[in-house]
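Heads up: the sequence shown begins at 1 in my numbering, then just goes up one per residue.
Honestly, the hints are just simulated from the structure, not real lab data.
Just to be clear, a hint being listed does not mean it is correct.
Claimed, not checked - List of simulated lysine-lysine pairs, DSSO-like, C-alpha gap at most 27 Å:
1) Lys209 <-> Lys30
2) Lys40 <-> Lys201
3) Lys150 <-> Lys232
4) Lys40 <-> Lys67
5) Lys316 <-> Lys386
6) Lys342 <-> Lys305
7) Lys266 <-> Lys232
8) Lys126 <-> Lys93
9) Lys350 <-> Lys28
10) Lys266 <-> Lys40
11) Lys304 <-> Lys316
12) Lys266 <-> Lys126
13) Lys30 <-> Lys266
14) Lys60 <-> Lys115
15) Lys150 <-> Lys304
16) Lys60 <-> Lys232
17) Lys67 <-> Lys201
18) Lys30 <-> Lys386
19) Lys93 <-> Lys232
20) Lys126 <-> Lys151
21) Lys30 <-> Lys316
22) Lys266 <-> Lys209
23) Lys67 <-> Lys115
24) Lys150 <-> Lys340
25) Lys266 <-> Lys323
To be verified - Label-pair restraints from in silico Cβ distances:
26) Lys342 <-> Val85: 22 to 32 Å
27) Pro160 <-> Glu389: 39 to 49 Å
28) Tyr8 <-> His122: 43 to 53 Å
29) Asp179 <-> Gln301: 39 to 49 Å
30) Glu378 <-> Glu205: 33 to 43 Å
No residue lacks a Cβ here, since even glycine has one placed at the ideal position from N, Cα and C.
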Amino acid sequence: MMNNQDLYTQDRENYLPTFNRFPIAFIKGKGSRLWDADGKEYVDLLAGIAVNNVGHCYPKVVSAIQKQAAELMHISNFFVSPQQVALSELLVKISGLDRVFLTNSGAESVEGAIKIARRYAHKHGKGGKVISMENSFHGRTLATIATGQKKYQEGFGPIPTGFAQVPFNDLEAIASAIDQDTAAVILEPVQGEGGVIPADKSYLEGLRKLCDEQGVLLIFDEIQCGIGRTGKWFAKDHYGVQPDIMTLAKGLGGGMPIGAVLCNEKVADAIQFGDHGTTFGGNPLAAASAIATIDTIAEEQLCKKAFETGAWLREKLEELIGKHEEMEFVRGLGLMIGVKLKSPGAPLVKRLLEEGIVANATAGDILRLVPALNIHQEELQIFLDKLDEILIETKTNA
């Protein structure tokens, strides 16, 4: 078997150089633990970037995939799939929305949401402008980078038109930007890549009211903050605000690639046969994995566990803030946590990795923690102890 360095070298020879990868190849996972090709064990606080919400290789999810793979993996959306029917019913039930379209990824979900919103707007004699938030992230396709941060647009022009941006958590800015050409407003209830920044409750409440008054659709991107991540099924549930359209992916499949666009009946009425489509979206294999994931979260009460574990972890991190000047503050909801640092987070992430902890830095100086919802406190304590040691070491060597 090849070791970490062998696999890293071969990867660099053949794969398009889009990722600045660590020279580590993970070959096995169980729960919140990972093992690399050299046999080293890690505690995983990244969960595939908020994907493995029930941990690696959860038995019920593995069993559902194995069973479905032996029966039927793919047909086409020309035909009805029992697994797609069951998953759609589940998503309608837990979201309170009325219709579902299944996709392969988060970016595809956002693309679908934009198309659906524009179809609705055009049907009602409005333009197709979509307003997004500064510091947002909705994907890497051309339309989704048009809604996101400028740094992701560099070198990919011409960028699609019909998009505008305003500051996050600023209701007056949105009110000023909305006009007759506006089809929708899209935002993350908790900005993920932007630094784990929750929206203000009054902001989302005001935004819902403003969109209703102006006949503009409200789209929530819950790709990272949905499926139990924040301690409720969806971040929107913390705010009591229902969007017209919601996008999902990441944690939905328990590790299998799958996404979804959900909408209310008002929006669905604007869609006709042939308006949108997908080849792989919602195939039986991916849908079976998503059903098992949702069932596991419900049966194991993982939303509640994520809320409680997240509160405990933030409390412990606050204690470390009192001890280490390098840490400024902690924010987030449930097990979607950001720790603001006084310097870039990449060196800390690298040191944690050397100590067997998988984490991530985002927005430059934010240490992002998005572990499995069922992670054990003992595993989080290993991280806290290592973080404490590294920060002491850093201060000593400064």
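Hints and how they fare:
1. For the hint pairing Lys209 with Lys30, the CA-to-CA distance comes to about 45 Å; that exceeds 27 Å, so the pair is violated.
2. For the given pair, Lys40 sits about 43 Å from Lys201 by alpha-carbon distance, which is inconsistent with the 27 Å threshold.
3. Restraint check for Lys150 and Lys232: not satisfied, since their Cα atoms lie roughly 31 Å apart, outside the 27 Å limit.
4. A distance of roughly 31 Å separates the Cα atoms of Lys40 and Lys67; the hinted pair therefore is violated under the 27 Å criterion.
5. The suggested pairing of Lys316 with Lys386 holds, with an alpha-carbon distance near 13 Å, which does not exceed 27 Å.
6. As the CA atoms of Lys342 and Lys305 are separated by approximately 30 Å, the hinted pair breaks the 27 Å bound.
7. For the suggested pair Lys266 and Lys232, the alpha carbons sit about 25 Å apart, so the restraint of at most 27 Å is met.
8. About 31 Å separates the Cα atoms of Lys126 and Lys93, which puts this hinted pair outside 27 Å; it is violated.
9. Straight-line distance between C-alpha atoms of Lys350 and Lys28 comes to about 20 Å, which keeps the hinted pair within the 27 Å bound.
10. Pair hint Lys266 plus Lys40 does not hold up; C-alpha atoms about 53 Å apart against a cutoff of 27 Å.
11. For the proposed pair Lys304 and Lys316, the alpha carbon gap of about 19 Å is at most 27 Å, so the pair holds.
12. Annotation: proposed proximity of Lys266 to Lys126 holds, straight-line Cα distance about 15 Å (limit 27 Å).
13. Distance restraint check for Lys30 and Lys266: the Cα-Cα separation of roughly 43 Å exceeds the 27 Å cut-off, and the hinted pair is therefore not satisfied.
14. About 35 Å separates the Cα atoms of Lys60 and Lys115, which puts this hinted pair outside 27 Å; it is violated.
15. At most 27 Å may separate the alpha-carbon atoms for a hinted pair to count; Lys150 and Lys304 exceed this at roughly 37 Å.
16. At roughly 21 Å between alpha-carbon atoms, Lys60 and Lys232 fall within 27 Å of each other, so this suggested pair holds.
17. Distance hint between Lys67 and Lys201 is unfulfilled; the C-alpha atoms sit about 43 Å from each other, more than 27 Å.
18. Restraint check: the Cα-Cα separation between Lys30 and Lys386 comes to about 21 Å, which is no more than 27 Å; the hinted pair holds.
19. Between Lys93 and Lys232 the CA atoms are separated by roughly 14 Å; this keeps the pair inside 27 Å, and the hint holds.
20. Annotation: proposed proximity of Lys126 to Lys151 is violated, straight-line Cα distance about 30 Å (limit 27 Å).
21. Note on Lys30 and Lys316: the hinted pairing holds, with a Cα-Cα distance of about 25 Å set against a maximum of 27 Å.
22. For the hint linking Lys266 to Lys209, the alpha-carbon distance of about 16 Å falls within 27 Å, and the restraint holds.
23. Annotation: proposed proximity of Lys67 to Lys115 is violated, straight-line Cα distance about 35 Å (limit 27 Å).
24. With a C-alpha separation of about 22 Å, the suggested pair Lys150 and Lys340 falls inside the 27 Å cut-off, and the hint holds.
25. For the given pair, Lys266 sits about 53 Å from Lys323 by alpha-carbon distance, which is inconsistent with the 27 Å threshold.
26. At about 52 Å, the beta-carbon gap between Lys342 and Val85 misses the expected band of 22 to 32 Å.
27. At about 48 Å, the beta-carbon gap between Pro160 and Glu389 stays in the expected band of 39 to 49 Å.
28. Between Tyr8 and His122 the beta carbon distance is about 49 Å. The supplied range of 43 to 53 Å therefore holds.
29. The hinted range of 39 to 49 Å is satisfied by Asp179 and Gln301, whose Cβ atoms lie roughly 45 Å apart.
30. Between Glu378 and Glu205 the C-beta distance comes to about 39 Å, which sits within the given range of 33 to 43 Å.
Of the hints listed earlier, those the structure fails to meet are numbers 1, 2, 3, 4, 6, 8, 10, 13, 14, 15, 17, 20, 23, 25, 26, in rising order.
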